[in-house]
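Colleague: For the sequence shown, the working numbering begins at -15 and goes up steadily by one.
Take the hints with a grain of salt, since some may be wrong.
[What the hints assert, rightly or not] Here are the computed lysine-lysine pairs in the DSS-like style, where the Cα-Cα straight-line distance is at most 30 angstroms:
| # | residue 1 | residue 2 |
| --- | --- | --- |
| 1 | Lys70 | Lys(-10) |
| 2 | Lys70 | Lys88 |
| 3 | Lys(-6) | Lys88 |
Hints listed in this document are in silico derivations from the structure and should not be mistaken for laboratory results.
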Amino acid sequence: MTTATKTMPKEIYRYIEHEIINYPRMMERINELTQYLTHDKNPQSPSHNTLHLDIRIERLSTVVRCIENVIRNLNSLGDPYHEFIKLRYWRTNSNATMEGIAQKIHVSRRTAYNMQNRIIQMVASELGEWN
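Build the full structure now, drawing on both the sequences and the hints.
Modeller: Shown next, in the form of structure tokens:
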């Protein structure tokens, strides 16, 4: 008996990729906002909206935790996944093709695409965006 696999809509796929790409910046932003709330806040200022900042920090923290959980799970699968994530998503000014990334981590191009799909699906599932 075969089961049809549902494909993830492109919009969700791109959103998840965007979240993974922005993971390092999210960490910096959480630190900036937390520092602002703890050190630089001015209770006299009417424009100061701590609730808005708290909500923003919580949302960013949730995404960061989900990505970290997936990375932790992928690390148990081996080093190629961690190296793939760094090369595909976190290397700045990287215009490396999937072929180039596959060569660097010593896997086939098809395996690299499968790794990418697995990572995206795991993060989407962790965030509750796709099952």
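Colleague: Which of the numbered hints above does this structure break?
Modeller: Checked against the structure, no hint fails, so every one of them is satisfied.
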